[in-house]
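Visitor: Sequence:
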Amino acid sequence: MATSKITHIICYDDHRNYTESIRKRFSDNTRYLVTSFHNKDQFIGHCEELANINLCVVAIIGFTESVEKIDMLNEFIGRVKETLPGRGIILLVQPINLQKIKGALNQKVDALIPINNNMVLRIHNVVKRFISEFNIIIFKQRRNRAFIAVALFIGLMLAAFLFFFFRYPMYF
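Going by our numbering, the first residue of the sequence shown is number 13, and it counts up by one from there.
Source of the hints: derived by calculation from the structure; they are not laboratory data.
There could be a bad hint or two in this list.
Beta-carbon label-pair distances, calculated as ranges [claimed, not checked]:
no., residue 1, residue 2, range
1, 27, 87, 12 to 22 angstroms
2, 66, 41, 51 to 61 angstroms
3, 163, 120, 30 to 40 angstroms
4, 179, 153, 35 to 45 angstroms
5, 42, 98, 21 to 31 angstroms
6, 108, 137, 19 to 29 angstroms
7, 140, 170, 38 to 48 angstroms
8, 149, 170, 23 to 33 angstroms
9, 140, 107, 15 to 25 angstroms
10, 168, 136, 23 to 33 angstroms
11, 94, 149, 48 to 58 angstroms
Just so it is clear, CB atoms sit at the ideal spot from N, CA and C, and this is done for glycine as well.
Take the sequences, apply the hints, and build the full model.
Guide: In structure tokens, the structure reads:
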């Protein structure tokens, strides 16, 4: 189960507000792949392509609509969570509507960031946190596999020792 070192950042930016700022911040093509979509169906389709691959994927959703359309946002986040379980979801909202959306949001998102001058820096910090969590999960899996291999080796050696101890007691 080989993993890629590239972090996929998928942006849903219906009004083309923040994607270029994120592309500039994550400009290293060897570490990040920033993809933006302006259509929900294309966004979900791309998420489905990445769902079965063991990658660090971060979905950034920009919500610039009014608070009355929160049901639509809850449904969209639910679809993204179904498609990309266990991956990071960042929601960008207008600073005026931050508290209203925070109270009305039914789906759990990993980060709720207001759209302002510090937005790109906050996104960068959250993405770095997701990468760290992803790497910790990978290292835990590797550690568990190594522990199982060592335990099997010790068990095999113990079984061989007991076999030879009872089969050839004169050598002990």
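Visitor: Evaluate each hint against the coordinates.
Guide: Status of each hint after checking the structure:
1. The hinted range of 12 to 22 angstroms is satisfied by residue 27 and residue 87, whose Cβ atoms lie roughly 19 angstroms apart.
2. Our hint of 51 to 61 angstroms for residue 66 and residue 41 is violated, since their Cβ atoms are close to 20 angstroms apart.
3. Checked against the given bound of 30 to 40 angstroms, the beta carbons of residue 163 and residue 120, roughly 37 angstroms apart, stay inside it.
4. About 39 angstroms separates the C-beta atoms of residue 179 and residue 153, a value consistent with the hinted range of 35 to 45 angstroms.
5. Checked against the given bound of 21 to 31 angstroms, the beta carbons of residue 42 and residue 98, roughly 24 angstroms apart, stay inside it.
6. Taken as a hint, the range 19 to 29 angstroms holds for the pair residue 108 and residue 137, whose Cβ atoms sit roughly 23 angstroms apart.
7. Under the hint 38 to 48 angstroms, the C-beta atoms of residue 140 and residue 170, about 44 angstroms apart, fit the expected range.
8. Remark: the range hint 23 to 33 angstroms for residue 149 to residue 170 is upheld by a beta-carbon distance near 32 angstroms.
9. About 23 angstroms separates the C-beta atoms of residue 140 and residue 107, a value consistent with the hinted range of 15 to 25 angstroms.
10. With their beta carbons about 48 angstroms apart, residue 168 and residue 136 fall outside the hinted range of 23 to 33 angstroms.
11. Look at residue 94 against residue 149: about 20 angstroms separates their beta carbons, and that is not inside 48 to 58 angstroms.
Consistency with the previously given hints fails for numbers 2, 10, 11, ordered from lowest to highest.
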